[in-house]
Amino acid sequence: MYAAFIRACAKPAGAALFLAVVFGVAFAAPSLFAAPAAPVAATTVDIAKFLYGPKEITVAPGTRIVWTNHDEIPHTVTAADKAFDSKALDTNDRFEHTFAAEGDYAYLCTVHPFMTGIVHVRKQ
Amino acid sequence: MDTIDPTPLLPRDDAHDPARRKALSCLAAWTGAAVVWSVAGGVPRALGATTDGKPPAAAKNALTFVQISDTHFGFNKPANPDIVGSYRRAVADIHALPQAPAFIVHTGDISHLSRPDEFGQARELFQELKVDRLHTVPGEHDTIDDGLSGYLKFFDHDGKGKGWYSFDQGGVHFIGLTNTLNFKMGTMTSLGDEQLAWLKTDLAHVSHSTPIVLLAHIPMWTVWEPWGWGTADADQAMALLRPFGSVTVLNGHIHQVLQKVEGNVALHTAMSLAYPLPTPGQEGVGEPGPLKVPAGELGKRLGIRQLSVVRGKRELALIDRPLER
Numbered sequence: 001m002y003a004a005f006i007r008a009c010a011k012p013a014g015a016a017l018f019l020a021v022v023f024g025v026a027f028a029a030p031s032l033f034a035a036p037a038a039p040v041a042a043t044t045v046d047i048a049k050f051l052y053g054p055k056e057i058t059v060a061p062g063t064r065i066v067w068t069n070h071d072e073i074p075h076t077v078t079a080a081d082k083a084f085d086s087k088a089l090d091t092n093d094r095f096e097h098t099f100a101a102e103g104d105y106a107y108l109c110t111v112h113p114f115m116t117g118i119v120h121v122r123k124q
Numbered sequence: 001m002d003t004i005d006p007t008p009l010l011p012r013d014d015a016h017d018p019a020r021r022k023a024l025s026c027l028a029a030w031t032g033a034a035v036v037w038s039v040a041g042g043v044p045r046a047l048g049a050t051t052d053g054k055p056p057a058a059a060k061n062a063l064t065f066v067q068i069s070d071t072h073f074g075f076n077k078p079a080n081p082d083i084v085g086s087y088r089r090a091v092a093d094i095h096a097l098p099q100a101p102a103f104i105v106h107t108g109d110i111s112h113l114s115r116p117d118e119f120g121q122a123r124e125l126f127q128e129l130k131v132d133r134l135h136t137v138p139g140e141h142d143t144i145d146d147g148l149s150g151y152l153k154f155f156d157h158d159g160k161g162k163g164w165y166s167f168d169q170g171g172v173h174f175i176g177l178t179n180t181l182n183f184k185m186g187t188m189t190s191l192g193d194e195q196l197a198w199l200k201t202d203l204a205h206v207s208h209s210t211p212i213v214l215l216a217h218i219p220m221w222t223v224w225e226p227w228g229w230g231t232a233d234a235d236q237a238m239a240l241l242r243p244f245g246s247v248t249v250l251n252g253h254i255h256q257v258l259q260k261v262e263g264n265v266a267l268h269t270a271m272s273l274a275y276p277l278p279t280p281g282q283e284g285v286g287e288p289g290p291l292k293v294p295a296g297e298l299g300k301r302l303g304i305r306q307l308s309v310v311r312g313k314r315e316l317a318l319i320d321r322p323l324e325r
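Protein chains in written order, with the numbering used here: chain W, 1 to 124; chain F, 1 to 325.
Just to be clear, a hint being listed does not mean it is correct.
[Unchecked claim] 35 Å max Cα-Cα, derived DSBU-like pairs, lysine-lysine: (1) F/K162 to W/K87; (2) W/K49 to F/K77; (3) W/K49 to F/K160; (4) W/K82 to W/K49; (5) F/K313 to W/K87; (6) F/K200 to F/K77; (7) F/K184 to W/K49.
[What the hints assert, rightly or not] Chain F is faced by these chain W residues, among others (derived, beta-carbon under 10 Å): (8) T76; (9) F84; (10) D90; (11) R94; (12) T98; (13) R122; (14) Q124.
Everything labelled a hint here was simulated from the structure, so no lab data went into it.
On a predicted model such as this, the values are computed, not experimentally measured, just so you know.
Every residue, glycine too, gets a C-beta built ideally from N, C-alpha and C.
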C-alpha cells in the first residue's frame with residue numbers, strides 16, 4: 001500500500017505539490033524548502049481544490065480523523081484496499097474514520113483518482 | 001502540472017503540412033462551416049462553427065441523432081443554479097430542429113451524486129424529450145456510490161445488467177461503453193479486460209465498411225493526464241476499431257468541445273448542459289472544478305450536438321449548438 005503511494009508521488013510536480021500542502025497546513029509559513037516533511041498531528045483533513053490537506057498525516061492509534069469536502073464537486077475518501085469508504089461527499093459533507101491499529105492507510109478519491117492521501121498510524 | 005507531454009492532437013505549427021490541411025478541411029466539412037481553432041494546454045480546440053445560427057438541413061436519407069451530455073441533475077451551485085432550466089432550453093432546441101432526431105444519446109454524468117432521487121428526476125425530465133429512444137452511458141458521477149447498480153436501476157438499456165451494449169440503426173453500429181468503474185490510485189480510468197473482450201466479440205460480427213459510433217463518458221484519448229482526462233487502456237479499444245472505415249467516438253466529461261482525428265477514427269468531446277470546466281491544464285486554475293463565468297456567458301458554454309450519418313459518406317455531419325448563440 002505504501003509503495004503504491006510512493007509511486008504516485010514520484011513525479012516532481014506531485015512531490016512539490018505535496019510539500020507545499022504539508023508545510024502550508026502544518027506551519028502556515030513560507031518555509032517551503034526546509035527539511036523533509038515532518039509528521040503532522042491533526043485530526044481533520046480538508047478537501048479543497050481537488051487536494052487532501054494535509055495529504056499525509058501521522059496519528060496515534062485510536063485517533064478519529066474527520067474529512068470535510070469544501071469543493072463544489074463531490075469527492076470520496078476511499079481506502080486503496082476499500083477498508084473504509086466515505087461514499088460521495090457533497091459540498092460541506094463530512095466523513096469520519098477511527099484508526100485503531102498501527103499501519104499506513106493510503107486512500108484516494110474514486111471520482112478523481114489523481115487525488116491521493118495517506119494516514120500513518122504510529123504509537124507516539 | 002507540466003510533467004506530461006500532452007499528446008499532440010494535430011500538429012501545432014505546421015501551416016504547410018498537407019496532413020493538417022486535410023484534417024482541418026475534413027473537420028470543416030463535418031460542421032458545415034469554418035472551424036476556428038485555438039490551442040489550450042497543447043490541445044487544439046474548436047471554438048465553434050461560424051454558422052448563421054440556422055442548422056443546415058440534413059440530407060433526406062440521413063440518420064440524424066442528437067448528443068447531450070453531463071446534465072449533472074442534483075447540482076445546485078453558483079456555477080449554474082438552474083440546471084433544469086438549462087436542460088429545458090436544450091429540449092426546446094432539440095424539438096425545434098428542422099429534422100427530428102431518430103434518438104438521443106447521453107454521454108454520461110446524468111446525475112451529480114449517483115443518488116436515486118437524482119436518477120428519478122432525470123428519468124422524469126427525459127420523458128419531456130419527444131424522441132423514440134434515449135441511449136445513455138454512465139459517467140463517474142453516476143457510479144460513485146454503488147458502481148453501476150444504482151444507475152442500472154434506471155438505465156439498463158438491454159436488461160443484461162451491464163453498462164455496455166451495442167445496437168444497429170440506419171446502417172450504423174452503435175456501441176455504448178463504460179469507462180468509469182476501474183479507477184485505481186493515481187491513474188486514469190480504464191475500460192477493463194472484461195469489457196475489452198466483449199468489445200472484441202461484438203465487433204467480430206460487424207463488417208469493416210459499417211460506420212461505427214462509439215459512446216463513452218471519459219475521453220478515449222489522453223486529453224490531460226494530471227486531471228484524469230483520458231482512458232488508460234483506450235489504445236486497446238482503438239486497435240480493435242482501426243480496421244473499420246469510419247469510426248466516430250463521442251465523449252463527455254470535460255464539458256467542452258475538443259476533437260481529434262486518428263486515421264479513420266474521429267474523437268469528439270461535447271459541451272455539458274450543467275456548467276463549464278476549464279480548458280485542459282488551464283493556467284491559473286489548478287483543478288477541474290466548475291467555472292463561474294460572467295452572466296450571459298453561461299449559455300454560450302452549454303449546449304447540444306446534432307449529428308447526421310449519410311449513407312455512403314464516411315464522415316458524420318456534426319454541429320455543436322450552444323444554448324445561446
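Hint-by-hint comparison with the structure:
1. Among the hinted pairs, F/K162 with W/K87 is consistent with the structure: their alpha-carbon atoms are about 21 Å apart, no more than 35 Å.
2. Of the pairs offered as hints, the one joining W/K49 and F/K77 holds, with about 15 Å between alpha carbons and a cut-off of 35 Å not exceeded.
3. Annotation: proposed proximity of W/K49 to F/K160 is violated, straight-line Cα distance about 38 Å (limit 35 Å).
4. For the hint linking W/K82 to W/K49, the alpha-carbon distance of about 24 Å falls within 35 Å, and the restraint holds.
5. The straight-line distance between the Cα atoms of F/K313 and W/K87 is roughly 46 Å, outside the 35 Å bound, and the hint therefore fails.
6. Using a Cα cut-off of 35 Å, the hinted pair F/K200 and F/K77 is violated, with the two alpha carbons roughly 41 Å apart.
7. About 20 Å separates the Cα atoms of F/K184 and W/K49, which keeps this hinted pair within 35 Å; it holds.
8. Against a cut-off of 10 Å between C-beta atoms, the interface hint on W/T76 holds, since the closest Cβ of chain F lies about 7 Å away.
9. The criterion of a C-beta within 10 Å of any C-beta in chain F is not met by W/F84, whose closest approach is roughly 14 Å, and the hint is violated.
10. Interface hint status for W/D90: upheld, as the beta-carbon distance to the closest one in chain F is roughly 6 Å, under 10 Å.
11. Evaluation of the W/R94 hint against chain F yields a violated restraint, the C-beta minimum of about 15 Å exceeding 10 Å.
12. Checking W/T98 against chain F: minimum C-beta separation of about 22 Å lies over 10 Å; hint violated.
13. The closest approach between the C-beta of W/R122 and any C-beta of chain F is roughly 22 Å, which is over the 10 Å cut-off, so the hint fails.
14. At a threshold of 10 Å, the smallest CB-CB gap from W/Q124 to chain F is about 27 Å, leaving the interface hint violated.
Violated hints, listed in ascending order, are 3, 5, 6, 9, 11, 12, 13, 14; each of the other numbered hints is respected by the structure.
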